[in-house]
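Participant: So you can see what is in the structure, the chains are spelled out below.
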Amino acid sequence: MCVRFEAPNVTEMNDWIAIGALALVGVLIPFGMMTVSYLLRPTVPETSKRATYESGEIPTGGTRIRFNIQYYMVALLFVVFDIETVLLFPWAVAYQDALAADIPLARALGPMLAFVAILLVGLAWAWRTGAVQWARTPRQLDADRP
Amino acid sequence: MTGTTVAATDAASGLPAVPLQDTVLLPERIGELTGLDGFGLGGELLATFLAAFLIGNLMLAMTGVAGPWAKRKITAAFTDRIAVNRLGPAGLFIIVADSVRLLSKELIIPENADRPAYDLAPIVVAASALLGFAVIPMGSGLHLADPEVGLAYVFAVSGIASLGLVMAGYASANKYSLLGGLRAVAQNIAYEIPLVITGMSVVIFAGTLQMGEIVAAQHETLVEIAGISIPTWYAFVNPFAFVLFLVANFAEVGRNPFDTPEAPTEIVAGYQTEYSSVHFVLIYLGEFLHIFLGGAIIATIFLGGPAGPVLPGIVWFIIKIWAVFFATQWLRSAVPRVRIDQLIEIGWKGLLVLSFANLILTAVIVGLIA
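As they're listed, the protein sequences go chains A and B. Quick note: the first sequence uses the working numbering, first residue 2, plus one each step. Quick note: the second sequence uses the working numbering, first residue 1008, plus one each step.
Heads up, a few of these hints could be off.
[As the list claims (entries may be wrong)] Listed below are several chain A residues computed to face chain B (Cβ distance under 8 Å; list not exhaustive):
1) D16
2) T86
3) A93
4) L100
5) L121
Since the hints were derived computationally from the structure, they do not count as laboratory data. Cβ atoms here follow ideal geometry from the backbone N, Cα and C, with glycine treated the same way.
Same shape as in the complex, but just chain A (with noise of 0.2 Å):
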């Protein structure tokens, strides 16, 4: 099932350069768009042309403002969710190796099962506590009041 061929015949190294190449190109496209644009655009200042839109109304308020804190709640558990996908990765990849290597089934994933296990009880205590929702209205916070 896993094929092996022969590794491409350049150093780790060689890749990340290339990777940083590319990050490099990725900016001098747009930077080089932003300079054509700047020299092709007009410019006609004008009185209120630069208020915030909000549907030709006279904009009111402003928007650095407090964020619910439910949000915060489903960002805390993207945090623990995404360190767990990281830690998973090596075992998926030396799944199949430990396998072929005669490794009981038991001890090749018993050990994953049971992480994964402790994460979704926590995912299900935040589905009981409602963290998993997005944000509710004050009427509907009433309602689930006992």
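Keeping the supplied structure of chain A fixed, place chain B upon it in accordance with the hints.
Facilitator: The following block gives chain B in isolation, referenced to the frame of chain A:
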């Protein structure tokens, strides 16, 4: 074709019997072709830069065709209209006309905008998408780099885009933009995990994160039906994972039915409401690049990368990523948008649980077969 393992083609199926994996990556190939490799480190760096420039412009050319032309034509076909047809054959020259038009528009910056962030956001969005293509094997020798962490790298750099979107939303000092930016980041973090977990079920089969080897592992014959051998593309091996990945990917790149961050009927244009001129072009371009990057990841880990009969690898690769692009446009015309609260619940309560089920089932089945 020096330096490539050109495979003996299996006569019966037309599929290559041995993978067409490139043992020489693009920078080195260009170094050989131009003679730059004779100039030491400087020559090598220049060759690498040229290769990166080629890949970057190839992807830009594709978004150039997709954005002003293909998108209009596809939507028009679905809604029984004609769309652009005045300039050039089938209206193709609209691409040139539109790019000149958009670049020569006045740049209107809102009064309260946070200047450095407002200007940097479009660059972050466009560059993060472009960066992902570095590790994608596009066939015909177009493969810039093949680090061992390929798949994890692609997920990591494509995730940078949410930073750009939230920067755009916050720096515009517009309420619609702020809502759009927050929605974009909430959506990206909700669907990133199903995406990565489902990708991991492929890693279990391939046993590696290196993109070149994931493609190489998909060349065996799965079953043979009436003389046509079906390869072990992971879309055939594990169709459930393929569907999950496709759905999570549409949400990740913010396409219908998950395009709530820029829902025009709710929050004008979301994070790009206050953007005009070249800044808008770059955000728009970045979104298309992200659709194509999503298509490229799907093609690489589920559809055998550049593999396919008769035609050269790059052609198959382009066909596959355009198929994904076509799917996004099809959904755009056919599927209603979900609400933001539904979107979050589908992500956390539906896809996340399903992707874990898929991962565990895959691991158990692979373990029992082995």
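Participant: With reference to the structure, classify each hint as holding or not holding.
Facilitator: Against the structure, the hints come out as follows:
Hint on D16(A) holds. Least Cβ distance to chain B is approximately 4 Å, under the 8 Å limit. Using the Cβ-Cβ criterion of 8 Å, the hint placing T86(A) at the interface with chain B is satisfied: the shortest such distance is roughly 5 Å. Restraint check, A93(A) versus chain B: the minimum CB separation of about 4 Å is within 8 Å; hint holds. The interface hint given for L100(A) holds, since its Cβ lies 4 Å from the closest Cβ of chain B, which is under the 8 Å cut-off.
A cut of 8 Å between beta carbons decides the hint on L121(A): the least distance to chain B is about 7 Å, and the hint holds.
Going through the hint list in order, the structure satisfies each hint without exception.
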